[in-house]
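J.: Single-letter residue listing:
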Amino acid sequence: MDFIYTEEQRMLADSLRRLVDQEWAFARRRARQAATALDPQAWASLAELGVLGLNIGQDYGGFGEVPASLLPVHVELGRGLVSEPVIPSAVMSAALVDAAGGPARERWLPRIASGEAILSVAYQEPGRRYDARPQDCRAAPQGGGWRLDGAKHLVWHGGAATAWLVSARAEDGETLLLAVPSDTAGVRITDTPTLDRARCARLDFDGAALPADALLARGEAAGQALAQALQWGTAALCAHAAGAMERLLEITADYLRTRKQFGQPLASFQALQHKLAEMLELVENSHAAVYYAAWALDADAADAALAASVAKSMLNESSKRVCGEAIQVHGGIGYTWEYDLHLYWKRAKHLEPLYGDTVYHRERVLEESLAQHATV
Amino acid sequence: MNLTWTPQERRFREEVRAFAEAGVPPELRAKVLAHQRLERDDYVRWHNILADRGWGAPSWPKEYGGTGWNALQRLIFEVECFKAGAPRLLPFGLSMIGPVLMKYGSPAQRERFLPRIIRVEDWWCQGYSEPGSGSDLASLKTRAERDGDHYVVNGQKTWTTLAQYADWMFCLVRTDTEARPQRGISMLLLDMRSPGVTVRPIRTLDGGHDVNEVWLENVRVPVENLVGEENQGWTYAKYLLGHERTGIAGLGHCHRELGVLKRMAAQAQSGGRPLLSDPRMRDRISRIEVDIMALEMLLLRVAANNGGTPGPEASVLKIRGSEIQQDLAMLQMEVAGPDAWPYDPEWMFAEADDHGPGPEMAAAAGAGYADMRKTTIYGGTTEVQKGIIARLMLGL
Numbered sequence: 001m002d003f004i005y006t007e008e009q010r011m012l013a014d015s016l017r018r019l020v021d022q023e024w025a026f027a028r029r030r031a032r033q034a035a036t037a038l039d040p041q042a043w044a045s046l047a048e049l050g051v052l053g054l055n056i057g058q059d060y061g062g063f064g065e066v067p068a069s070l071l072p073v074h075v076e077l078g079r080g081l082v083s084e085p086v087i088p089s090a091v092m093s094a095a096l097v098d099a100a101g102g103p104a105r106e107r108w109l110p111r112i113a114s115g116e117a118i119l120s121v122a123y124q125e126p127g128r129r130y131d132a133r134p135q136d137c138r139a140a141p142q143g144g145g146w147r148l149d150g151a152k153h154l155v156w157h158g159g160a161a162t163a164w165l166v167s168a169r170a171e172d173g174e175t176l177l178l179a180v181p182s183d184t185a186g187v188r189i190t191d192t193p194t195l196d197r198a199r200c201a202r203l204d205f206d207g208a209a210l211p212a213d214a215l216l217a218r219g220e221a222a223g224q225a226l227a228q229a230l231q232w233g234t235a236a237l238c239a240h241a242a243g244a245m246e247r248l249l250e251i252t253a254d255y256l257r258t259r260k261q262f263g264q265p266l267a268s269f270q271a272l273q274h275k276l277a278e279m280l281e282l283v284e285n286s287h288a289a290v291y292y293a294a295w296a297l298d299a300d301a302a303d304a305a306l307a308a309s310v311a312k313s314m315l316n317e318s319s320k321r322v323c324g325e326a327i328q329v330h331g332g333i334g335y336t337w338e339y340d341l342h343l344y345w346k347r348a349k350h351l352e353p354l355y356g357d358t359v360y361h362r363e364r365v366l367e368e369s370l371a372q373h374a375t376v
Numbered sequence: 001m002n003l004t005w006t007p008q009e010r011r012f013r014e015e016v017r018a019f020a021e022a023g024v025p026p027e028l029r030a031k032v033l034a035h036q037r038l039e040r041d042d043y044v045r046w047h048n049i050l051a052d053r054g055w056g057a058p059s060w061p062k063e064y065g066g067t068g069w070n071a072l073q074r075l076i077f078e079v080e081c082f083k084a085g086a087p088r089l090l091p092f093g094l095s096m097i098g099p100v101l102m103k104y105g106s107p108a109q110r111e112r113f114l115p116r117i118i119r120v121e122d123w124w125c126q127g128y129s130e131p132g133s134g135s136d137l138a139s140l141k142t143r144a145e146r147d148g149d150h151y152v153v154n155g156q157k158t159w160t161t162l163a164q165y166a167d168w169m170f171c172l173v174r175t176d177t178e179a180r181p182q183r184g185i186s187m188l189l190l191d192m193r194s195p196g197v198t199v200r201p202i203r204t205l206d207g208g209h210d211v212n213e214v215w216l217e218n219v220r221v222p223v224e225n226l227v228g229e230e231n232q233g234w235t236y237a238k239y240l241l242g243h244e245r246t247g248i249a250g251l252g253h254c255h256r257e258l259g260v261l262k263r264m265a266a267q268a269q270s271g272g273r274p275l276l277s278d279p280r281m282r283d284r285i286s287r288i289e290v291d292i293m294a295l296e297m298l299l300l301r302v303a304a305n306n307g308g309t310p311g312p313e314a315s316v317l318k319i320r321g322s323e324i325q326q327d328l329a330m331l332q333m334e335v336a337g338p339d340a341w342p343y344d345p346e347w348m349f350a351e352a353d354d355h356g357p358g359p360e361m362a363a364a365a366g367a368g369y370a371d372m373r374k375t376t377i378y379g380g381t382t383e384v385q386k387g388i389i390a391r392l393m394l395g396l
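Keeping their order, the protein sequence lines are chains G and X.
So in my numbering, spot 315 of the first sequence is number 315, and the numbers just go up one at a time.
So in my numbering, spot 146 of the second sequence is number 146, and the numbers just go up one at a time.
These aren't lab readings, by the way, just hints derived from the structure by calculation.
None of the values given here were measured: they were computed from a predicted structure.
One thing to keep in mind: the hints can contain errors.
Listed below are the simulated BS3-like cross-link pairs for lysine-lysine, each with C-alpha atoms no more than 30 Å apart in a straight line [claimed, not checked]:
#, chain 1, residue 1, chain 2, residue 2
1, X, Lys62, X, Lys83
2, X, Lys262, G, Lys320
3, G, Lys320, G, Lys349
4, G, Lys260, G, Lys275
5, X, Lys238, G, Lys275
6, X, Lys374, G, Lys275
7, X, Lys238, X, Lys103
8, G, Lys275, G, Lys346
9, G, Lys260, G, Lys346
Short derived list, chain G residues pointing at chain X, Cβ under 7 Å [said to hold, decoys possible]:
#, residue
10, Met1
11, Asp2
12, Phe3
13, Tyr5
14, Gln273
15, His274
16, Leu276
17, Asn285
18, Ala288
19, Tyr291
20, Trp295
21, Val310
22, Ser313
23, Arg362
24, Val365
Ideal placement from N, C-alpha and C gives every residue a C-beta, glycine not left out.
In isolation and in its complexed conformation, chain X is listed as follows (with noise of 0.2 Å):
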């Protein structure tokens, strides 16, 4: 047991760091400090400043023109990233479709689709969910049918994040509706501008829209983009969503919105005095600090141990990094006080200099307030990671 950070940690962590300070845009991370939200072209400003410095993908081997980065590097390039005020990085292609593709993807998927993920040349989309399977995702019915050298779709998603953007979807269809409901799913890769796709946005409760509902009527995919085997989608579902439960732990978005948090704290003044000074404000603020070590903690033993790949402790992780984010919203709601009460989702959208009456942290507040609602819900509720917890570490 040597919790010591290397000579080598050490550097790596100082190179991000001097990079991410000065390689962020300015007003990318005025934006992403106000919690006002990205567009297209935001995104892919960012990872194409990191592609030119050769950390596009960070997550990847070297073969498929990643940095072949450990998952400490990994770790460490997040949470430096995050508290520069970088943008987050897209997880459909890099985290999610892209280890997929590694894994089970044939060659030519491989060569057409993952040197395009990482100056995001294609936006992907999740097609996963649908209108009756949310937590019983292995219920999903979109039908997909052989008709010659294509499958012929038909069937409906939703909570499709920033479909608007995208250029291609990875969906799972069912294509045999005998098998009992996890063998008769499949995987595939969709183009978007397909005739048949239809886009339609969901306006969720900050007043924001990033996810849509997806409407797939007879979309033809050709055969050739079927990912690994007919019926075996389920298994490659599960891969991805392994992957995307180490990401979903936040521990740079909870870093960077504990800095706001102080900030914010020193900042804002109650009966004459910062309300940082304050004992019971201090208690809160040093609880959601004693939070977040911990989960790095966590993080940095399933990197260390597992090379980053977590088991069943992801849903741990995933738990405790999805409350702790609502923790830190919920806490910089209070800090703002009554200056949160303006609030105008417009405010959002709008220019980094023009954000309502109050201090600028004060519409900020309320956007994160609204907004991280999400996470306890998205890539497996709260509920369903307490199910796996249960069966899977406990033997119940």
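With the rest of the complex left out, here is chain G (with noise of 0.2 Å):
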């Protein structure tokens, strides 16, 4: 057992590191994200640097990386809040079209990669929380292709995709999961804001025209495709939290050694030391909630589903106490729409909503613990 980065997952992660300090420091983001469109340029230099193709196979113009190697990678951009839709394609759709199989992985995973396509799992449903199972978006066979019906929501990055997989519910209550190119004529995009200043999308599809290829997987498989990409996004996106969360905490300790009240540092107050080692504490137990799940992600970890699930019930909890701190050390400066920790705080609590929140992921820890113990 080793919890090492192997050379060349620290070399990624170094030249990440400049990149993201480079591109993505405050003035540029910011200008970035005021804008409504996907920067291309941004975009390009993430596919240069093979964050797109990390884990897609190396016959689909991939690097072919072990899913560990999400950790590093995340972890870099989630230090710098790295806003463009990385998880959403290049991780959870990339993992669903690689797990559903069949020609769909030679049409989509080399785009995905290469960064020409942007995908993004359409799964929610209005009303229905996190619960991943389609229920009123329809999708019925006609003319040879299919033809989609309802609504799908919280997409993230959904106007900025060129392609959504969506979940539908076949006539005989089956899952279908469909791949919808966003020019697809039927559907209407309301794009919006989230609170932490990326993006998000409704879908509704009013008798959507498919192709039969638009079929990725039905069943029992496309079920499992679902859950597998919905794990191989929690990891990546505990893994961003826990690198912004560490990020944090540097900018907070080292305003507490510079900034003077009473005549001395910040950082000679004992109260505030306290709360600092409180931080750090809650950083660590992220990063190793986050290492095992990103490890368990290996196709031979029987636990993955309780390592992504523990981890997003801690990095839910952590990351907001974390970020919410920091504000509160800061003082009146931490408050201010100026200053860059408020975009950490919302990153924080966005995390919640993506992919399960807390009460929905503790409950998945206990159901998969108590099975296994029953088993033994």
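Put the complex together from the two separate chains, hints included.
T.: Pasting the structure below:
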């Protein structure tokens, strides 16, 4: 057992940190977030560095890195609050397409790896919280292809996507997964900003017509592909959050060393020292949980679902706490729009509704662990 | 990065598990799970069972009669033994003075003392804290003055765990009152049967008796029982505390008590259904389970990266482990609910089948709830650990 990045992982993390420090520095990141469309240059730079094809097989134009490589990459992206659709497209959609198998791999994976295609998984429906089973979004056979009706919402970067991977219910109740290009007729896109300065979309399908080969998977295979995508997305998102927390702790410690009150640096006040020590505990704990989740994605690990839920239920809470405390110890400056702190705080809060909140994941942890013990 | 257990590690876990499940005497297991007090013979018995198997010193190198296990094996061993309801290993010899003597002791001291630790032929206790020196240990006042071939020791130690059974104490004393506090301290090995040693019990809030006051009046300690060099004791004391802190995370304890908690919640009925089916209770149990898994990963990372010798991250482990132990005890108390109201400290000493009017686990919950208050205080309080983190990890 070892917890050390491989040489390649370390080098990738180093180059990513340089890129992120430069391209996602304060002003540039803000300018990009103020624009409503994706910055093609930023997206291309991520593709060039190998971020988008990280875990995609070499046969499909990717780098074929092991799942655990998500950790160094998304920790670095999180440190810089990189908001581009890396997780929805290169992590979650790639995992879904890969799990579904078949000719769709050839069609989508090379384009995800190159950044040419931006995909997002549309699996949530209004009024159904985190339930991943499709209910009111229906797909029915039509003229040798498919007809899609109903709504999906909270599709992360759904407006920037060139295609969505949509879960729908067949007439017989089976789950279907369909690839839907964003220029398909009969789709209304409602694109909105999010609290943390990213974007999400609601998709209303009204008799959208799709060819037969839009179908990626059905039935149990579809459920498994979706579950796999969620586990990958959860692990990457948790690594992102862990990176953001780590960076925020550095920013806060730096501030305490330089800011003076009552004639001495804030760092000399024990009340503040203890608060930062508590934050560090949470950051360390969170990293430990994320290591477990990223590693468990390996196909042989039986407890990937458990690991993802452990990480998510912990990161949901610890990131909110760390980011909240960072604002608190900064005092007034931390409360301003101009300072970067609130963006970390909002990202931390935004983590929660993606892929399941704390209550949802804690229940899954207990279900999984009781099931494992029952079989021992 | 590779977090897969190797086939050897898996086999090792199976081997330890099988041994522990068969090897822990049922009456000892019952006492441990019921949070009853273990007595001298209980501990000695378990140490000897392990020694018979060749596992009497899991953390020691082979040259001193240890197993030569690496840090991961030691962690597996701890968890599996605890899960099987084994008594904890006495830390005073194996984890505290043993490693100090290996590093700083004289050949004669190593030869004399180390072999007798494994089967608890010598029971050691830790003479560190004093009435005026708790968190500020370096301010200790117990004096040792040279008189020919002896030191003459005068002072008072306190919070001395299980000193009522001890044959020997490793004792921090002041040998130079002029130097700054850390520089004038020495470590002596003190025979508890020496004239002038008085042990008085301190009863703790659970009604139990684990800790003691030890009075030292003109106690004569031969100079050959000085560890290392005079006035260098603070170095040895800190080395020892570093060792103490990894075990202090209590991962094995946490795993065992989580199992107890789940069994309690499955047995306890609320509104005609097991409490384990109550979503609010499930959420809280799950939260602790998540905390324990993260603690385990933290420990594994230290074990795998540093060969088990933690730096300042030991403070993180100590804080997390001690808080989780308290959380577990508090939740067990809530699961027991009204049944935990009746509580008599005597039940902690009684035979395993005599535990008061309620279900057995209710009495156990009360004992654990009271006992676990100590965890955030001993071995450096949570606040002391936070100070270490702020200084050494955050550079504040």
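J.: Looking back at the numbered hints, which does the structure fail to meet, lowest number first?
T.: Nothing - there is no hint that the structure violates, so all of them hold.
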